[in-house]
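Engineer: My request is simple: use the sequences and hints to build the entire structure.
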Amino acid sequence: MERFRFTDKHVFDFRGEPERALNHKSRTLSDSNQRASKGFVPTYAFARDYGGFVGRFKLDWIFVKPFIDDPRPRGQSNLFAPYYARTMRELNESTTERISDHPPITVDLPLQEQKTLPNP
492 MERFRFTDKH
502 VFDFRGEPER
512 ALNHKSRTLS
522 DSNQRASKGF
532 VPTYAFARDY
542 GGFVGRFKLD
552 WIFVKPFIDD
562 PRPRGQSNLF
572 APYYARTMRE
582 LNESTTERIS
592 DHPPITVDLP
602 LQEQKTLPNP
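Take any residue in the sequence shown, note its place counting from 1, add 491, and you have its number in the working numbering.
Hint data in this document are derived by calculation from the structure and do not stem from the laboratory.
Hints are not guaranteed to be accurate.
[To be verified] Under the rule of at most 27 Å between Cα atoms (straight-line distance), these lysine-lysine pairs were calculated in the DSS-like manner:
(1) Lys516 <-> Lys549
(2) Lys606 <-> Lys500
(3) Lys516 <-> Lys529
(4) Lys500 <-> Lys529
[As the list claims (entries may be wrong)] Pair by pair, the computed Cβ-Cβ distance ranges are:
(5) Ala538 <-> Gln605: 38 to 44 Å
(6) Leu602 <-> Ser517: 38 to 44 Å
(7) Asn610 <-> Phe497: 17 to 23 Å
(8) Leu570 <-> Arg518: 19 to 25 Å
Here the structure is a predicted model, which means the values were calculated and not measured.
Beta carbons: idealized from backbone N, C-alpha and C, even for Gly.
Structural biologist: So this is what it looks like as structure tokens:
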């Protein structure tokens with residue numbers, strides 16, 4: 492995915508800038524997919540997951556095509572670049588039966604260049 496180029500030469504955003512991540516994690520894809528203490532916040536769990544050790548997976552991803560020509564360097568355009576990714580597991584599990592077998596995931600996408608980001 493990181494090597495893929497669209498016909499207009501733009502690429503998917505892999506920057507992972509801490510100021511654009513919900514938990515200020517600076518690892519790959521942290522601004523477009525919520526990071527956990529290890530890896531990413533899971534978006535699927537078996538009914539029995541043995542205390543979270545087995546049976547939780549990241550199955551759903553958000554990949555965004557912003558207006559950048561290189562997937563990693565900072566200082567490029569922030570136009571349509573994702574930030575503050577959230578996996579809403581608590582919302583999904585707030586009812587007796589889960590709303591869905593996958594919790595919703597969201598990102599904010601700026602429609603114009605931003606100098607500073609709003610607080611999450």
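Engineer: Hint by hint, say whether it matches the structure.
Structural biologist: Now for the hints, and whether the structure bears them out:
no., hint, verdict
1, Lys516 <-> Lys549, "holds (17 Å)"
2, Lys606 <-> Lys500, "holds (24 Å)"
3, Lys516 <-> Lys529, "holds (11 Å)"
4, Lys500 <-> Lys529, "violated (32 Å)"
5, Ala538 <-> Gln605: 38 to 44 Å, "holds (42 Å)"
6, Leu602 <-> Ser517: 38 to 44 Å, "violated (25 Å)"
7, Asn610 <-> Phe497: 17 to 23 Å, "violated (32 Å)"
8, Leu570 <-> Arg518: 19 to 25 Å, "holds (23 Å)"
Violated hints for the displayed structure, listed by number in ascending order: 4, 6, 7.
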